[in-house]
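Residue numbers (the numbering used here), protein chains in the order written: chain G, 12 to 421; chain R, 12 to 421.
In case anyone wonders, no lab produced these hints; they're calculated from the structure.
Do not take every clue at face value.
Quick list of simulated restraints, FRET-style, between CB atoms [claimed, not checked]: (1) 280(R) - 315(G): 44 to 54 Å; (2) 157(G) - 255(R): 20 to 30 Å; (3) 219(G) - 162(R): 46 to 56 Å; (4) 85(R) - 322(G): 32 to 42 Å; (5) 80(R) - 322(G): 28 to 38 Å; (6) 280(R) - 333(G): 40 to 50 Å; (7) 102(G) - 154(R): 36 to 46 Å.
Footprint (simulated), chain R over chain G, 3 or more residues, beta carbon under 8 Å [unchecked claim]: (8) 38-46; (9) 75-86; (10) 141-154; (11) 235-244; (12) 280-289.
We put the CB at the ideal spot given by N, CA and C, even for glycine.
Protein chains: 2
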Amino acid sequence: MTFDELDARAATLDAAHAATDLRERFLLPPGTVYLDGNSLGALPRSVPAAVRDAVEQQWGHDLVASWNTHGWWDAPVRVGDAIGRLVGAAPGQVVVGDSTSVRLHQSLHAAAALRPGRSVVLTEPGSFPTDQYVIAGVADQVGWRVEHATPAELAARLTPDVAVVVLSHVDYRTGELLDLPGITAAAHDAGALVLWDLCHSAGAVPVGLDEHHVDLAVGCGYKYLNGGPGAPAYGYVAARHQDAFVNVVPGWHGHAQPFAMADDYVGAPGISRARIGTPPMLSLLALEAALQAFDGVEIGDVRARSLSLTRFLRDAIADVVPGSAFASPEADERRGSQVALRHPDAYGIVQALAARGVVGDFRTPDVVRLGVAAPYLTHTDLVTAVRALHEVLERGEHRDPAWTTRNAVT
Amino acid sequence: MTFDELDARAATLDAAHAATDLRERFLLPPGTVYLDGNSLGALPRSVPAAVRDAVEQQWGHDLVASWNTHGWWDAPVRVGDAIGRLVGAAPGQVVVGDSTSVRLHQSLHAAAALRPGRSVVLTEPGSFPTDQYVIAGVADQVGWRVEHATPAELAARLTPDVAVVVLSHVDYRTGELLDLPGITAAAHDAGALVLWDLCHSAGAVPVGLDEHHVDLAVGCGYKYLNGGPGAPAYGYVAARHQDAFVNVVPGWHGHAQPFAMADDYVGAPGISRARIGTPPMLSLLALEAALQAFDGVEIGDVRARSLSLTRFLRDAIADVVPGSAFASPEADERRGSQVALRHPDAYGIVQALAARGVVGDFRTPDVVRLGVAAPYLTHTDLVTAVRALHEVLERGEHRDPAWTTRNAVT
Numbered sequence: 012m013t014f015d016e017l018d019a020r021a022a023t024l025d026a027a028h029a030a031t032d033l034r035e036r037f038l039l040p041p042g043t044v045y046l047d048g049n050s051l052g053a054l055p056r057s058v059p060a061a062v063r064d065a066v067e068q069q070w071g072h073d074l075v076a077s078w079n080t081h082g083w084w085d086a087p088v089r090v091g092d093a094i095g096r097l098v099g100a101a102p103g104q105v106v107v108g109d110s111t112s113v114r115l116h117q118s119l120h121a122a123a124a125l126r127p128g129r130s131v132v133l134t135e136p137g138s139f140p141t142d143q144y145v146i147a148g149v150a151d152q153v154g155w156r157v158e159h160a161t162p163a164e165l166a167a168r169l170t171p172d173v174a175v176v177v178l179s180h181v182d183y184r185t186g187e188l189l190d191l192p193g194i195t196a197a198a199h200d201a202g203a204l205v206l207w208d209l210c211h212s213a214g215a216v217p218v219g220l221d222e223h224h225v226d227l228a229v230g231c232g233y234k235y236l237n238g239g240p241g242a243p244a245y246g247y248v249a250a251r252h253q254d255a256f257v258n259v260v261p262g263w264h265g266h267a268q269p270f271a272m273a274d275d276y277v278g279a280p281g282i283s284r285a286r287i288g289t290p291p292m293l294s295l296l297a298l299e300a301a302l303q304a305f306d307g308v309e310i311g312d313v314r315a316r317s318l319s320l321t322r323f324l325r326d327a328i329a330d331v332v333p334g335s336a337f338a339s340p341e342a343d344e345r346r347g348s349q350v351a352l353r354h355p356d357a358y359g360i361v362q363a364l365a366a367r368g369v370v371g372d373f374r375t376p377d378v379v380r381l382g383v384a385a386p387y388l389t390h391t392d393l394v395t396a397v398r399a400l401h402e403v404l405e406r407g408e409h410r411d412p413a414w415t416t417r418n419a420v421t
Numbered sequence: 012m013t014f015d016e017l018d019a020r021a022a023t024l025d026a027a028h029a030a031t032d033l034r035e036r037f038l039l040p041p042g043t044v045y046l047d048g049n050s051l052g053a054l055p056r057s058v059p060a061a062v063r064d065a066v067e068q069q070w071g072h073d074l075v076a077s078w079n080t081h082g083w084w085d086a087p088v089r090v091g092d093a094i095g096r097l098v099g100a101a102p103g104q105v106v107v108g109d110s111t112s113v114r115l116h117q118s119l120h121a122a123a124a125l126r127p128g129r130s131v132v133l134t135e136p137g138s139f140p141t142d143q144y145v146i147a148g149v150a151d152q153v154g155w156r157v158e159h160a161t162p163a164e165l166a167a168r169l170t171p172d173v174a175v176v177v178l179s180h181v182d183y184r185t186g187e188l189l190d191l192p193g194i195t196a197a198a199h200d201a202g203a204l205v206l207w208d209l210c211h212s213a214g215a216v217p218v219g220l221d222e223h224h225v226d227l228a229v230g231c232g233y234k235y236l237n238g239g240p241g242a243p244a245y246g247y248v249a250a251r252h253q254d255a256f257v258n259v260v261p262g263w264h265g266h267a268q269p270f271a272m273a274d275d276y277v278g279a280p281g282i283s284r285a286r287i288g289t290p291p292m293l294s295l296l297a298l299e300a301a302l303q304a305f306d307g308v309e310i311g312d313v314r315a316r317s318l319s320l321t322r323f324l325r326d327a328i329a330d331v332v333p334g335s336a337f338a339s340p341e342a343d344e345r346r347g348s349q350v351a352l353r354h355p356d357a358y359g360i361v362q363a364l365a366a367r368g369v370v371g372d373f374r375t376p377d378v379v380r381l382g383v384a385a386p387y388l389t390h391t392d393l394v395t396a397v398r399a400l401h402e403v404l405e406r407g408e409h410r411d412p413a414w415t416t417r418n419a420v421t
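With the hints as extra help, turn the sequences into a complete structure.
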């Protein structure tokens, strides 16, 4: 297909998907095709004024009274409910605050308390580093053995000693989307809990936490949820587990009567039991405002747009760069919201693309990761990206010595 | 003393302390005397533009590249060094991020690893709830017994089984300032570590962490450091303990080579080893900007101003409200930066004062807590507050039925 033909095809698809083009809800720099929304989501238009109000009016003028008058105290649960809508959780089961690492640490300890006497945490090899490190740390504390299984091996490994299965719904490198309903059901059949990391699926892929009877989940606020750099993470605790939820970091915000300043810890009822300490309100209020980008939007529609975009991107790359090796799955039902290429010069490709205004990212050792945040990208944007990729490779820009020094980029 | 005489005395003292009046560095609402800076510090003038830049330019325009180009990645240690200057810690020993609860949880686990074989955590009765809850939680995990001792009892309780002494440098209710050098030395003589909670002293009182050989410390960013609601907390790990520091929540930001995405956790050298997950950058950058309010300022000078203010406030209240019962110590060297009154109608007094624009806060069961953030308060402000207190009590405004329902206020 020529680029002219690609342009025409993109225009047709963009017209067909015009109803889900939410680009106007975001502020993006001109001349950039941003394919790294799965590292840091773009800035929603609703955020700057909300943050300004939080700083100048709520903090600066109304001061400490804002904990009540501006709803700061309730924000972790209120924003949790807003995220809950996007991941299929009814209100009262998601709480926001802390980092994904802390939420995972907390959720794993809670899982251990919910499944006493079981000795294994089952996870996948090669998952995101924090997940691996935190799993190993908690396993060491509670006396679990860490076992690894690929998705294909999981079913056979669900022995009666497995306390909890911990998996990423979408792999951060390959973009592979796991079968959450099937794996959750299989784990339950073996008496194990499931703990899903939703970092790379929330806001992009339907999750259906309640529908599929998930036990626990965690995720960050700054990828497809667009909550801003380091936006607070969230934790999901299914309502049926809340009474027995043991909070390993029993900060005063999770107390049943926080202002009684009692000597002994008594966990709050409901999801508030998973609260820890004082949340970073400016970041939390930025996340809350950011979620307005999803107002009136169903995740199923975001997913339909995303699938069209990633399929188009994949096909166009395959067409333009013969012999492309994809890390991301071809089948729609196994692909999250990214297209990942394997290439020995992946680092140089990412840098050369960025120099042309196409921002993707590199994941060691050889992955060019192109995140497709459907709300603010069009098929036409993707032709721009593919054209840049074609020219980079044709002109050898990815072998520019300037890219031989690898800089840290998250 | 008449109010006219108090006014004159305040004017004299304000003139004498004019060099440390930093009110112009803050944005405060007109008509308010803000005596709750030890709950939520006021808004520094440097913050709004910095946050706007962080949102619109760094996040919105420069996007993910800001992790490098705007120094986001290094911010936890860079801001830690800025706080370190205010608490007497040389660079490379303070890291910022997470809540005080999480930092405390982490520091206590690290203490357990540094003092294996010791079975007691020694703390004070009635300390801030999170401290009590988190101490009890970690004690349960590592097999410690929790023992309580008042400051006067501490020396006799420093038996060889004490692993760590955990104390608040300044008590959140009474404002009592403990003898950090003496207690630290006594703990060390017994082979124990000390872990100081600096929430109510950092930014108001000289701490001298390095000078007094403190082992570990934690504190929040939102009281006298003015970092904004829920500003990230910080942890101090003395350089001599860093190599043996065990991070109980080994998130990827604390890894020696975070971008290698290695399967196994290897802690970074230095204070970075105490990093956990991705920090809430907007809140963290607000805190960094807020610390500019201390540019060119020595904490010793802040303390001198604070002592003059709190002594003046105490004396004026004693004069105007005969029979006042103070919870805060009279002696300068034992008083933090607040004046706390005990009164059976404390809740009503706080509410009635707030209705007059004098914002203090109530601490259960009977404390009127008047926090004195020296940088933005004058002796004249305090006369306004005392005049309001006098009128509230004289007119019985504190017994208004409107105040009988206690609302949650942090």
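So, going through the hints one by one against the coordinates:
1. Roughly 48 Å separates the CB atoms of residue 280(R) and residue 315(G), a value that falls within the hinted 44 to 54 Å.
2. The hinted window of 20 to 30 Å between residue 157(G) and residue 255(R) holds, with their beta carbons roughly 24 Å apart.
3. Between residue 219(G) and residue 162(R) the C-beta distance comes to about 55 Å, which sits within the given range of 46 to 56 Å.
4. Range check, residue 85(R) to residue 322(G): Cβ separation about 39 Å, and the 32 to 42 Å hint holds.
5. A hinted range of 28 to 38 Å for the beta carbons of residue 80(R) and residue 322(G) is consistent with their spacing of about 33 Å.
6. A beta carbon spacing of about 46 Å between residue 280(R) and residue 333(G) agrees with the range 40 to 50 Å that was offered as a hint.
7. Separation of residue 102(G) from residue 154(R) is about 39 Å and conforms to the stated range, judged on CB atoms against 36 to 46 Å.
8. For a cut-off of 8 Å, the count of residues in the segment 38-46 of chain G with a CB near a CB of chain R stands at 5, and the three-residue condition holds.
9. Given as covered by chain R, the segment 75-86 of chain G passes the check, having 7 residues with a CB less than 8 Å from a CB of that chain where 3 are the minimum.
10. Under a criterion of three residues with beta carbons nearer than 8 Å to beta carbons of chain R, the stated coverage of the segment 141-154 of chain G is upheld, 7 such residues being counted.
11. Residues of the segment 235-244 of chain G lying with their CB closer than 8 Å to a CB of chain R number 6, which satisfies the three-residue condition for coverage.
12. Under a criterion of three residues with beta carbons nearer than 8 Å to beta carbons of chain R, the stated coverage of the segment 280-289 of chain G is upheld, 3 such residues being counted.
When the structure is compared with the earlier hints, no violation turns up for any of them.
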